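> What follows is each chain in one-letter form.
Protein chains: 2
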Amino acid sequence: MQVQQGTVHIEQHGIDGFPVNHGIRFCIAATRQYTTAHHGVQSQESPLSKPKVLHSREVARTRLFRVEEMGLRFSNGVERTYERLVGFNTGHAAVMVLPLLDDQRFVMIEEYAAGTEDYQLSLPKGLVEPGESLLEGANRELMEEAGYGAHKLELLTELSLSPNYMSHRMQVVVARDLYEMRLEGDEPEPLGVHVFHFDQLPELVQRPDFTEARAMVALYMARDLLRSPQGDVQSTI
Amino acid sequence: MQVQQGTVHIEQHGIDGFPVNHGIRFCIAATRQYTTAHHGVQSQESPLSKPKVLHSREVARTRLFRVEEMGLRFSNGVERTYERLVGFNTGHAAVMVLPLLDDQRFVMIEEYAAGTEDYQLSLPKGLVEPGESLLEGANRELMEEAGYGAHKLELLTELSLSPNYMSHRMQVVVARDLYEMRLEGDEPEPLGVHVFHFDQLPELVQRPDFTEARAMVALYMARDLLRSPQGDVQSTI
Numbered sequence: 001m002q003v004q005q006g007t008v009h010i011e012q013h014g015i016d017g018f019p020v021n022h023g024i025r026f027c028i029a030a031t032r033q034y035t036t037a038h039h040g041v042q043s044q045e046s047p048l049s050k051p052k053v054l055h056s057r058e059v060a061r062t063r064l065f066r067v068e069e070m071g072l073r074f075s076n077g078v079e080r081t082y083e084r085l086v087g088f089n090t091g092h093a094a095v096m097v098l099p100l101l102d103d104q105r106f107v108m109i110e111e112y113a114a115g116t117e118d119y120q121l122s123l124p125k126g127l128v129e130p131g132e133s134l135l136e137g138a139n140r141e142l143m144e145e146a147g148y149g150a151h152k153l154e155l156l157t158e159l160s161l162s163p164n165y166m167s168h169r170m171q172v173v174v175a176r177d178l179y180e181m182r183l184e185g186d187e188p189e190p191l192g193v194h195v196f197h198f199d200q201l202p203e204l205v206q207r208p209d210f211t212e213a214r215a216m217v218a219l220y221m222a223r224d225l226l227r228s229p230q231g232d233v234q235s236t237i
Numbered sequence: 001m002q003v004q005q006g007t008v009h010i011e012q013h014g015i016d017g018f019p020v021n022h023g024i025r026f027c028i029a030a031t032r033q034y035t036t037a038h039h040g041v042q043s044q045e046s047p048l049s050k051p052k053v054l055h056s057r058e059v060a061r062t063r064l065f066r067v068e069e070m071g072l073r074f075s076n077g078v079e080r081t082y083e084r085l086v087g088f089n090t091g092h093a094a095v096m097v098l099p100l101l102d103d104q105r106f107v108m109i110e111e112y113a114a115g116t117e118d119y120q121l122s123l124p125k126g127l128v129e130p131g132e133s134l135l136e137g138a139n140r141e142l143m144e145e146a147g148y149g150a151h152k153l154e155l156l157t158e159l160s161l162s163p164n165y166m167s168h169r170m171q172v173v174v175a176r177d178l179y180e181m182r183l184e185g186d187e188p189e190p191l192g193v194h195v196f197h198f199d200q201l202p203e204l205v206q207r208p209d210f211t212e213a214r215a216m217v218a219l220y221m222a223r224d225l226l227r228s229p230q231g232d233v234q235s236t237i
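If you're matching them up, the sequences are chains S and Y in order.
Here the first sequence stands for residues 1 to 237, numbered as in UniProt numbering.
Here the second sequence stands for residues 1 to 237, numbered as in UniProt numbering.
Relax, there's no trap hidden among the hints.
For chains that are exact copies, the list does not tell them apart, and a pair is met inside one copy or across any two.
Subject to a maximum C-alpha distance of 20 Å in a straight line, what follows is the list of computed SDA-like cross-link-like pairs (lysine to any residue): (1) Lys50 <-> Gly71; (2) Lys52 <-> Gly192; (3) Lys52 <-> Glu117; (4) Lys52 <-> Asp209; (5) Lys50 <-> Glu187.
Hint data in this document are derived by calculation from the structure and do not stem from the laboratory.
The structure displayed is predicted, hence computed values, not measured ones.
Model the full structure from these sequences, guided by the hints.
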C-alpha cells in the first residue's frame, strides 16, 4: 500500500562518510562491507579456502520455502552433502524496523506467531515490495503493524538467521521522528502495540513471550549506540 | 561421542532459588517461565485469545526440513492459511555454547556456512544426542568444535529463530572453568578458533563474517550480566 501522509527523510550513506545530522546516527551496516580487519586476540589457522560446489539441486518447494541440496568438496578433499533453505519468503528483501519514540523508548508489536504457536513480542517486519526501496518498505511495515510513520529511517545492520542452514538475511532499520499513521496491512487481526524503555531490556529478554534473537540484537545494538560515549557527544551537536 | 576427561559440574536450577556458587550466575532461562508481569509503559488491547487450528498437514519433508501447512481461525473470525517449518534438524534439542575463558574473554569458532556460502564466526552449537542431557550435549559440542571442555555449564536463555515461520528453538548455555580437550566431531575440516574480549563486541558485530543473531544475543546478554552492578556484587562473594 502506498504511503499516504508524511515526509520520509531517507539517509544516504556513502563510502566516505555519513550525512551531517542531529542526534545519534546508526551507521553500522554501511561500514560492514568495509570492515576487514580481524580482531582476534588469539587465533589458530583459519580454514579460509572455500569449498567447491560439486552440485546443487532443489529437493523441495512449497508456497514459502525452498530447500536445496548441495554437494561440497572442502579444500582438504573431504566431500559432504548439505541441505539448506533458500529463497525463504519469495526472495524479496526482508526488513525489521526498530521504532524509537526518543533515545530511551521504543515500540514493539505483539502478534500471533504460527511457528511457536503463541503470541510473541517482536519488532515490525516484513518483505520489501516490488518498486519499494528498503527504507520505504520499512516505513510501510511500520505503519501497517505499529501505526507509526517515521521521518527518519536508517539502516542499522544486516543479520542472518541460521547461516549454516539458511541463506536468509534481514536488514534492520532504525525509525525515528515518528508520527501517528496507520495503513491497513494483511494482518488477520490488529496487533498489540507496546512501548518499552531501554532500561527494561534486561527484563524484556527474560519474558517467555519475547524470544526472537534478531529483534533482541536490534535492541541491544541500538541501546549500546545510543548510550556510547561517542553517541553522547554526537547527540549534543 | 562420550566425554573422556574432565568433571562436569552441572548447576541445578530450582524454582525457589539458585545454588550458592562463586562468580556470576547465569539464571535468566530458569526464571523465564515464571516471569509473567507486563512492563509496557503504554499498551493497547492485546489480542491474547489464540486462534483455533482448523487443520494442519505436512506439505514437504526432506532429510533436514519439514514444512507444515496450518489453517487458523482468529478470534475475530478471520481465517488464514500459514506455512511453517517444523522439526528442523530432526527434532533433537538444539544447543549453542558461549565458552568464557574468564569474565572478559570468550571463544568463537569459524566455519564454512553452507546457507550464506562463506566462512562465518559463530559459537559452538549442535544437537543434543539421544541419552545426553542438554548440558552434556553442550559440553560435547564445545569439545568437538572449539577444543575445550567446561567444568561449569549453565543455561543462559532460550531463543527462537523466526517465531512466525519456524517452531525451532535453541538453548543457549554458558560454559566456564574451561580446560583444553578435543573430541573428534563430524566437521569436514578443522574449525578456526578465536578468542575475543567483550570490549571488542561493538566491532565484532560489525564484521561481515559475523551475522548470526542468536550468537550476538548470547554475547550481549552475557556481557550485560557480567558487567551489571548485581553481577559485581555476586562476583565478590
